[in-house]
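With the hints as constraints, model all of the structure from the sequences given.
In order, the protein sequence lines correspond to chains A and B.
So the first sequence is numbered by my numbering: it starts at 1 and just counts up by one.
So the second sequence is numbered by my numbering: it starts at 1 and just counts up by one.
Among these hints, one or two may not hold up.
What the hints assert, rightly or not - Here are the simulated DSS-like cross-link-like pairs (lysine-lysine), alpha carbons at most 25 Å apart as the crow flies:
{"no.": "1", "chain 1": "A", "residue 1": "LYS54", "chain 2": "B", "residue 2": "LYS40"}
{"no.": "2", "chain 1": "B", "residue 1": "LYS40", "chain 2": "B", "residue 2": "LYS30"}
{"no.": "3", "chain 1": "A", "residue 1": "LYS233", "chain 2": "B", "residue 2": "LYS109"}
{"no.": "4", "chain 1": "A", "residue 1": "LYS38", "chain 2": "B", "residue 2": "LYS285"}
{"no.": "5", "chain 1": "A", "residue 1": "LYS232", "chain 2": "B", "residue 2": "LYS109"}
{"no.": "6", "chain 1": "B", "residue 1": "LYS241", "chain 2": "A", "residue 2": "LYS232"}
{"no.": "7", "chain 1": "B", "residue 1": "LYS120", "chain 2": "A", "residue 2": "LYS232"}
{"no.": "8", "chain 1": "B", "residue 1": "LYS2", "chain 2": "B", "residue 2": "LYS115"}
{"no.": "9", "chain 1": "B", "residue 1": "LYS40", "chain 2": "A", "residue 2": "LYS265"}
{"no.": "10", "chain 1": "B", "residue 1": "LYS114", "chain 2": "A", "residue 2": "LYS332"}
{"no.": "11", "chain 1": "B", "residue 1": "LYS285", "chain 2": "A", "residue 2": "LYS54"}
{"no.": "12", "chain 1": "B", "residue 1": "LYS325", "chain 2": "B", "residue 2": "LYS241"}
{"no.": "13", "chain 1": "B", "residue 1": "LYS7", "chain 2": "A", "residue 2": "LYS232"}
{"no.": "14", "chain 1": "B", "residue 1": "LYS136", "chain 2": "A", "residue 2": "LYS265"}
{"no.": "15", "chain 1": "B", "residue 1": "LYS120", "chain 2": "B", "residue 2": "LYS109"}
{"no.": "16", "chain 1": "A", "residue 1": "LYS232", "chain 2": "B", "residue 2": "LYS285"}
{"no.": "17", "chain 1": "A", "residue 1": "LYS137", "chain 2": "A", "residue 2": "LYS78"}
{"no.": "18", "chain 1": "B", "residue 1": "LYS3", "chain 2": "B", "residue 2": "LYS40"}
{"no.": "19", "chain 1": "B", "residue 1": "LYS120", "chain 2": "A", "residue 2": "LYS233"}
{"no.": "20", "chain 1": "A", "residue 1": "LYS121", "chain 2": "B", "residue 2": "LYS115"}
{"no.": "21", "chain 1": "B", "residue 1": "LYS175", "chain 2": "B", "residue 2": "LYS48"}
{"no.": "22", "chain 1": "B", "residue 1": "LYS241", "chain 2": "B", "residue 2": "LYS54"}
{"no.": "23", "chain 1": "B", "residue 1": "LYS48", "chain 2": "A", "residue 2": "LYS233"}
{"no.": "24", "chain 1": "A", "residue 1": "LYS242", "chain 2": "B", "residue 2": "LYS48"}
{"no.": "25", "chain 1": "A", "residue 1": "LYS54", "chain 2": "A", "residue 2": "LYS80"}
{"no.": "26", "chain 1": "A", "residue 1": "LYS80", "chain 2": "A", "residue 2": "LYS124"}
{"no.": "27", "chain 1": "A", "residue 1": "LYS233", "chain 2": "B", "residue 2": "LYS136"}
As the list claims (entries may be wrong) - A few chain B residues facing chain A, derived, Cβ under 8 Å:
{"no.": "28", "residue": "GLY16"}
{"no.": "29", "residue": "GLU38"}
{"no.": "30", "residue": "LYS40"}
{"no.": "31", "residue": "THR69"}
{"no.": "32", "residue": "ASP70"}
{"no.": "33", "residue": "ARG78"}
{"no.": "34", "residue": "LEU116"}
{"no.": "35", "residue": "ASN119"}
{"no.": "36", "residue": "GLY140"}
{"no.": "37", "residue": "ARG200"}
{"no.": "38", "residue": "THR201"}
Hint data in this document are derived by calculation from the structure and do not stem from the laboratory.
It should be emphasised that the depicted structure is a prediction, and the values quoted were computed from it without experimental measurement.
All C-beta atoms in this analysis are idealised placements derived from N, C-alpha and C, irrespective of residue type, glycine included.
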Amino acid sequence: MLLRELCELNAVSSREDAVRAYIRNRITEKVETVTTDKLGNLLAVQGSGNTGPKIMLTAHMDEVGLMVVGIDNSGLLKIKTVGGIDERVLLSKRVVIGPNRIPGVIGAKPIHLQEKEEREKPVKLPSLFVDIGAKDKADAEKEVSIGDLAAFDVKAGGFGDRMFKGKALDDRVGCAVLLNLIENHYDFPLYYAFTVQEEVGLRGATVAAFGINPDLALVFEGTSAGDVPPAKKHQQSTRLGKGPAISFMDRSIIVNQALIERLVKVANEANIPFQFRQSTAGGTEAGAINQSQTGIPAGVLSVPCRYIHSPVSILSLDDFENTIKLADAFLKSIERRGLPV
Amino acid sequence: MKKLISKLTAISSPSGREEQIRAFIKEEIKNYCDELREDKLGNLIAIKHGGNTKIQFAAHMDEIGMIITDIDENGFLRFSNVGGISPHRLYGQRVRFQNGMVGVFGAEKVEDIKKLTLNKLYIDIGASSEEEARSKISVGDIATFHHEFTDLGERVVAKSMDDRIGCAVLIEALKRVTNPQNDLYCTFTVQEEVGLRGARTSAFGIEPDLGIALDVTATGDTPEAERLAVKLGKGAAIKVKDLSIITHSKVKDLLTELAKTNSIPYQFEVLPFGGTDAGAIHLTKAGVPAGVISIPCRYVHSPSEMVDLNDVEAAVRLVVAVMEKKIGWS
Chain A
1 MLLRELCELN AVSSREDAVR AYIRNRITEK VETVTTDKLG NLLAVQGSGN
51 TGPKIMLTAH MDEVGLMVVG IDNSGLLKIK TVGGIDERVL LSKRVVIGPN
101 RIPGVIGAKP IHLQEKEERE KPVKLPSLFV DIGAKDKADA EKEVSIGDLA
151 AFDVKAGGFG DRMFKGKALD DRVGCAVLLN LIENHYDFPL YYAFTVQEEV
201 GLRGATVAAF GINPDLALVF EGTSAGDVPP AKKHQQSTRL GKGPAISFMD
251 RSIIVNQALI ERLVKVANEA NIPFQFRQST AGGTEAGAIN QSQTGIPAGV
301 LSVPCRYIHS PVSILSLDDF ENTIKLADAF LKSIERRGLP V
Chain B
1 MKKLISKLTA ISSPSGREEQ IRAFIKEEIK NYCDELREDK LGNLIAIKHG
51 GNTKIQFAAH MDEIGMIITD IDENGFLRFS NVGGISPHRL YGQRVRFQNG
101 MVGVFGAEKV EDIKKLTLNK LYIDIGASSE EEARSKISVG DIATFHHEFT
151 DLGERVVAKS MDDRIGCAVL IEALKRVTNP QNDLYCTFTV QEEVGLRGAR
201 TSAFGIEPDL GIALDVTATG DTPEAERLAV KLGKGAAIKV KDLSIITHSK
251 VKDLLTELAK TNSIPYQFEV LPFGGTDAGA IHLTKAGVPA GVISIPCRYV
301 HSPSEMVDLN DVEAAVRLVV AVMEKKIGWS
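Dropping the structure here:
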């Protein structure tokens, strides 16, 4: 299964090689050209000779993770987070480090050695380390180097009633949406950008948008769902099972009104459930794209995910499939009616 | 001028939804420029030819607002801020939506008023059910403060002086300039309040030789105010620094020299917070010397922003002086 395979690959920001190779392999036969740009974005084109507006679809390949920043004399690794991770979720999780996938466990001082005050507070990042089973520093240095990146070691798969769990759903689910859409063909020039380093500041999208300079871009994301207790309705950003989330605003962009209206219209016409992303927090690649060159209209479609930026998050496969359907309906609407903006 | 300011501030124009103000300004200036453009993000650019040096003037059309994030089962609206909004300034105020609907802010019961957050506030549009509210307002709609323009004589008060007063200055300068010595790109920008976004993309397109933003600045002349040198009524403020820019010395000298030779009252401004469109313009491409002519304004980002018409007049004269000075920086 595509989504499971994508989630089990590791691609902490700046080391997206495994996901890039996987996607390149799957799409090469389906597009005119596929290239990797200087920052590592994987860019594919369909219908470059077509008339009509130039459309760019993006999803980021990278995921949040950890970086090895030190090795102590006992062979334990000091770590920093790469991208936004709640430090409280780290303790006792399994990770794999670097391209050789060296296994490790995140450890901390055992509870019987902790003072009373320490027990009452979550363990902070400086007190956490990764244990790779090395007997000392020299032993650890044979397996890992400072600067290596560590990803969570988690099996992905379906469970419950059409639910799916795995790490890095943000944004492998976006990559999976694009890999579904790439099977189709539309009558305008269509650029697919699988981007790098979103989690550390929308970096891949910034340069991809500058290079492609499309007339409109649509970004596909895994976004946080807030439908768990004790969040009240107005505090829930999105809800699982209620359809793809259409963004109207986040920290990085205010989405063009006509673009929102077109997405709503095609969803209603095709009877596809949708919800608005009812939060303005967080940033997306749409913000970076929107600010590129002389300005590029951009929108965001997201699949709601619970427990995002943690070792394991959950989405609804119905939401995933409806996101593909809504994206397809939107792209077809461009064929018939042109750009919304 | 009062009439123009009154009309400009009456329009609701939150960041990202500047259609109404753009249409108004377009109508106001169409006979005073050689070319009128609208770019992809919605910036309105009025071009008037006069020389080789390209000057971009930027005044932002948008104002801070409240975006609706949820409508509850009783028809109350929840919202998030668009631009810098303090929760303590909202309770009891009114808002207006672009379709003309008016609402008032209410708050949940809070034990400690210091702990009031936007999350605990809501907007009441007088709807008695969710259905009624949804028939009038949609999630994603953006409201702005609803407060009338008030004429206090030399001084005037309104919502959205930030930055309708900059727009008014630029409109008036465009009308008054008779002998431009540079190519003028008078830009009415979008989305300044959420991160100088319109200025960034418009400057990329224009590639100016000089950028000058027109915006409000805070004053230090009220009781127990933060210590700031700028005072209401003491002239146009030539910005030296804020968080987005250190004014290029060439630009600061040019503005100061022009103010002196034309006997325009001016003051220097050092703002320890905030930023303006000039911040985005000066980092465009390989860099653009840029500065700001500020209009001193009390109670910025409140529904009652106050400016002094003498400062406004000084700013207009200084802008016209720049337009009519052969600069030769191209």
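Here is how each hint holds up against the structure:
Between A:LYS54 and B:LYS40, the direct Cα distance comes to roughly 14 Å. Compliance with the 25 Å bound is thereby established for this hinted pair. Taking the CA atoms of B:LYS40 and B:LYS30, the gap is near 19 Å; set against the 25 Å cutoff, the hint holds. The hinted pair formed by A:LYS233 and B:LYS109 meets the criterion: a straight-line CA distance of about 18 Å does not exceed 25 Å. This hinted pair checks out: A:LYS38 and B:LYS285 have alpha carbons roughly 19 Å apart, not beyond 25 Å.
Distance restraint check for A:LYS232 and B:LYS109: the Cα-Cα separation of roughly 16 Å lies within the 25 Å cut-off, and the hinted pair is therefore satisfied. For the given pair, B:LYS241 sits about 43 Å from A:LYS232 by alpha-carbon distance, which is inconsistent with the 25 Å threshold. About 11 Å separates the Cα atoms of B:LYS120 and A:LYS232, which keeps this hinted pair within 25 Å; it holds. Of the pairs offered as hints, the one joining B:LYS2 and B:LYS115 is violated, with about 39 Å between alpha carbons and a cut-off of 25 Å exceeded.
Restraint check for B:LYS40 and A:LYS265: the C-alpha separation of about 22 Å stays at or below 25 Å, so the hint holds. In summary, the hint linking B:LYS114 to A:LYS332 is not supported, as the alpha carbons are separated by about 51 Å, beyond the 25 Å threshold. About 24 Å separates the Cα atoms of B:LYS285 and A:LYS54, which keeps this hinted pair within 25 Å; it holds. With a C-alpha separation of about 24 Å, the suggested pair B:LYS325 and B:LYS241 falls inside the 25 Å cut-off, and the hint holds.
Of the supplied pair hints, the one linking B:LYS7 and A:LYS232 is violated, its CA atoms being roughly 41 Å apart against a limit of 25 Å. Pair hint B:LYS136 plus A:LYS265 holds up; C-alpha atoms about 18 Å apart against a cutoff of 25 Å. Under the criterion of a C-alpha separation no larger than 25 Å, the hint pairing B:LYS120 with B:LYS109 is consistent with the structure, at around 8 Å. Simply put, A:LYS232 and B:LYS285 have alpha-carbon atoms about 46 Å apart, too far for the 25 Å limit, and the pair is violated.
For the given pair, A:LYS137 sits about 12 Å from A:LYS78 by alpha-carbon distance, which is consistent with the 25 Å threshold. A distance of roughly 30 Å separates the Cα atoms of B:LYS3 and B:LYS40; the hinted pair therefore is violated under the 25 Å criterion. Between the alpha carbons of B:LYS120 and A:LYS233 the distance comes to roughly 13 Å, so the proposed pair stays at or under 25 Å and holds. Distance check on the hinted pair: A:LYS121 and B:LYS115 sit about 24 Å apart at the alpha-carbon level, within 25 Å; holds.
With a CA separation close to 11 Å, the supplied pair B:LYS175 and B:LYS48 stays within the 25 Å bound. For the hint pairing B:LYS241 with B:LYS54, the CA-to-CA distance comes to about 23 Å; that is within 25 Å, so the pair holds. Of the pairs offered as hints, the one joining B:LYS48 and A:LYS233 is violated, with about 52 Å between alpha carbons and a cut-off of 25 Å exceeded. Among the hinted pairs, A:LYS242 with B:LYS48 is inconsistent with the structure: their alpha-carbon atoms are about 52 Å apart, more than 25 Å.
Taking the CA atoms of A:LYS54 and A:LYS80, the gap is about 40 Å. The hint is violated against a cut of 25 Å. A C-alpha spacing of about 11 Å is found between A:LYS80 and A:LYS124, which places the hinted pair at or below 25 Å, so the restraint holds. Restraint check for A:LYS233 and B:LYS136: satisfied, since their Cα atoms lie roughly 20 Å apart, inside the 25 Å limit. With a least beta-carbon distance of about 3 Å to chain A, the hint placing B:GLY16 at the interface is held under the 8 Å criterion.
Residue-level restraint check for B:GLU38 is violated (minimum Cβ-Cβ distance to chain A is 11 Å; threshold 8 Å). For B:LYS40, the interface hint holds, since its Cβ comes within 8 Å of a Cβ in chain A; the closest pair sits about 4 Å apart. A least Cβ separation of about 4 Å between B:THR69 and chain A falls short of the 8 Å threshold, and the interface hint therefore holds. With its C-beta approaching chain A no nearer than about 4 Å, B:ASP70 sits inside the 8 Å limit, and its interface hint holds.
The closest approach between the C-beta of B:ARG78 and any C-beta of chain A is roughly 4 Å, which is under the 8 Å cut-off, so the hint is satisfied. Given the 8 Å rule on beta carbons, the hint for B:LEU116 is violated: about 16 Å separates it from the nearest Cβ of chain A. Restraint check, B:ASN119 versus chain A: the minimum CB separation of about 7 Å is within 8 Å; hint holds. Here the hint on B:GLY140 is kept, as its CB sits about 4 Å from the closest CB of chain A, short of 8 Å.
At a threshold of 8 Å, the smallest CB-CB gap from B:ARG200 to chain A is about 6 Å, leaving the interface hint in force. This hint holds: B:THR201 has a C-beta 3 Å from the nearest C-beta of chain A, less than the 8 Å allowed.
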